[in-house]
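Take 1 as the starting number for the sequence shown in full-length UniProt numbering and just add one per residue.
Derived by calculation from the structure, the hints in this document are not laboratory data.
The structure presented is a predicted model; accordingly, all values stated were derived computationally and were not measured.
Every residue, glycine too, gets a C-beta built ideally from N, C-alpha and C.
Hints may contain errors.
Claimed, not checked - PhoX-like mimics (lysine-lysine), calculated; alpha carbons at most 25 Å apart, straight line:
1. K88 to K176
2. K176 to K210
3. K214 to K176
4. K189 to K214
5. K189 to K176
6. K189 to K209
7. K30 to K17
8. K17 to K88
9. K189 to K210
10. K176 to K209
Stated by the list, open to error - The following label-pair restraints were derived from C-beta to C-beta distances:
11. R56 to A109: 45 to 53 Å
12. E28 to G203: 44 to 52 Å
13. D98 to K17: 28 to 36 Å
14. K30 to E152: 54 to 62 Å
15. S25 to E145: 53 to 61 Å
16. D137 to E27: 42 to 50 Å
17. L113 to A150: 38 to 46 Å
18. G211 to D188: 22 to 30 Å
19. E152 to R212: 24 to 32 Å
20. K17 to D137: 32 to 40 Å
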Amino acid sequence: MRGTQLSGRFPMSVSLKELRRRGHSDEEIKMARMIQDGARRSGGAPRSLAQILAGRPARSPSEASVEDLTPRQLRRQGSYGQAALIAKQAALSDSDHDRADRARFHANALAALGRVRTGKYDLLGAGNVSIGNQYIDAVQASLMESAATAPERDAALATLLLITRHLAWQDYTCTKVAADLAEMRGVDKAHMARTIALLESVGAISRVKKGRTKIIAVTPEGAFRGKMDNHAEAVARYSAEVVQLHPSNEAADPRQTDLEDFTRS
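Could you build all of it, start to finish, from the sequences and the hints given here?
What follows is the structure, encoded as structure tokens:
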């Protein structure tokens with residue numbers, strides 16, 4: 001399903017923000033919701049909150065106001081999201097309440113299919129709700145499945161603790177580079193290079209070249225703070241700000257410096 005296929009016009013509901021902008025108080029909106037629910041239970045004609053607050057009768061689907069969806073709005077929805085949007089809009093104008101409820105149910109399922117998944121540490125099988133226990137548990141499990149020795153696993157977890165401790169404000173990147181972490185842990189640079197490589201091999205972190213330095217970035221689950229419903233947006237932001245920063249010719253730049261060089265000395 002391409003975005004251009006949905007660039008036509010179909011009914012859109014009025015947001016709560018718009019209702020408040022029109023001068024309706026929260027108490028009035030709450031009362032309108034009660035009226036709306038009562039009409040739905042009694043089988044009356046469906047009315048939107050805007051219609052109830054304005055004292056207007058229900059309109060037929062052909063009379064409902066419509067708005068254009070911009071290409072940007074369509075791109076943000078994705079294929080399943082666009083299908084969910086169509087189902088939700090159809091439910092708004094459906095006079096059959098049972099069918100509208102079923103449409104909303106399936107629309108929510110389609111929207112869930114459209115949410116971005118990380119594939120590696122998509123904790124709890126849904127939106128991420130953790131920056132601590134589940135993330136550390138998942139990384140620890142990956143380390144246990146690796147060929148690393150017990151001291152190497154201990155060093156990796158200790159280093160990961162320092163990395164998450166020194167994340168930039170509302171960012172995925174660590175404010176400390178590998179040399180700083182080596183000094184903080186009291187180990188040599190070659191030891192830290194091996195530890196960082198181990199964390200990267202199990203998917204706990206990524207390294208992004210910035211100038212002549214490699215910046216350490218955790219996965220979205222390692223830094224995400226907020227509602228679980230925002231997990232898809234967090235992963236999308238991570239993809240834009242971290243993953244796509246990897247240059248395609250990374251190995252071809254001899255000017256880049258890294259602690260891995262110390263392992264060969």
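_G203 and E28 - C-beta distance against the hinted 44 to 52 Å_ = Once the Cβ atoms are compared, 50 Å apart, the range 44 to 52 Å for G203 and E28 holds.
*Hey, K189 versus K214, does the alpha-carbon distance stay inside 25 Å?*
holds (14 Å)
*Does K176 pair with K210 here, judged by a C-alpha cut-off of 25 Å?*
holds (13 Å)
_Supplied distance hint 42 to 50 Å, evaluated on CB atoms of D137 and E27_ = Holds - the Cβ-Cβ distance for D137 and E27, about 45 Å, lies within 42 to 50 Å.
*Are K88 and K176 close enough, with their CA atoms no more than 25 Å apart?*
Violated. K88 to K176 sits at ~46 Å, over the 25 Å cutoff.
*Beta-carbon spacing of K30 to E152 - inside the hinted bounds 54 to 62 Å or not*: Because 58 Å falls inside the window, the suggested range holds.
*Holds or violated: K189 with K176, Cα cutoff 25 Å?*
Roughly 14 Å between the alpha carbons, so the hint for K189 and K176 holds.
*D98 versus K17 beta-carbon gap, inside 28 to 36 Å or not*: holds (30 Å)
_Can you confirm whether the C-alpha distance between K189 and K209 stays at or below 25 Å?_
holds (18 Å)
*Given the hint that K189 pairs with K210, does the C-alpha gap stay at or below 25 Å?*
The hint holds at about 19 Å.
*Is K214 within 25 Å of K176, Cα to Cα?*
Holds, at roughly 10 Å.
_Given the hint of 24 to 32 Å, is the C-beta distance from E152 to R212 inside that range or not?_
holds (28 Å)
Of the numbered hints given earlier, the model fails hints 1 and 11; all others are met.
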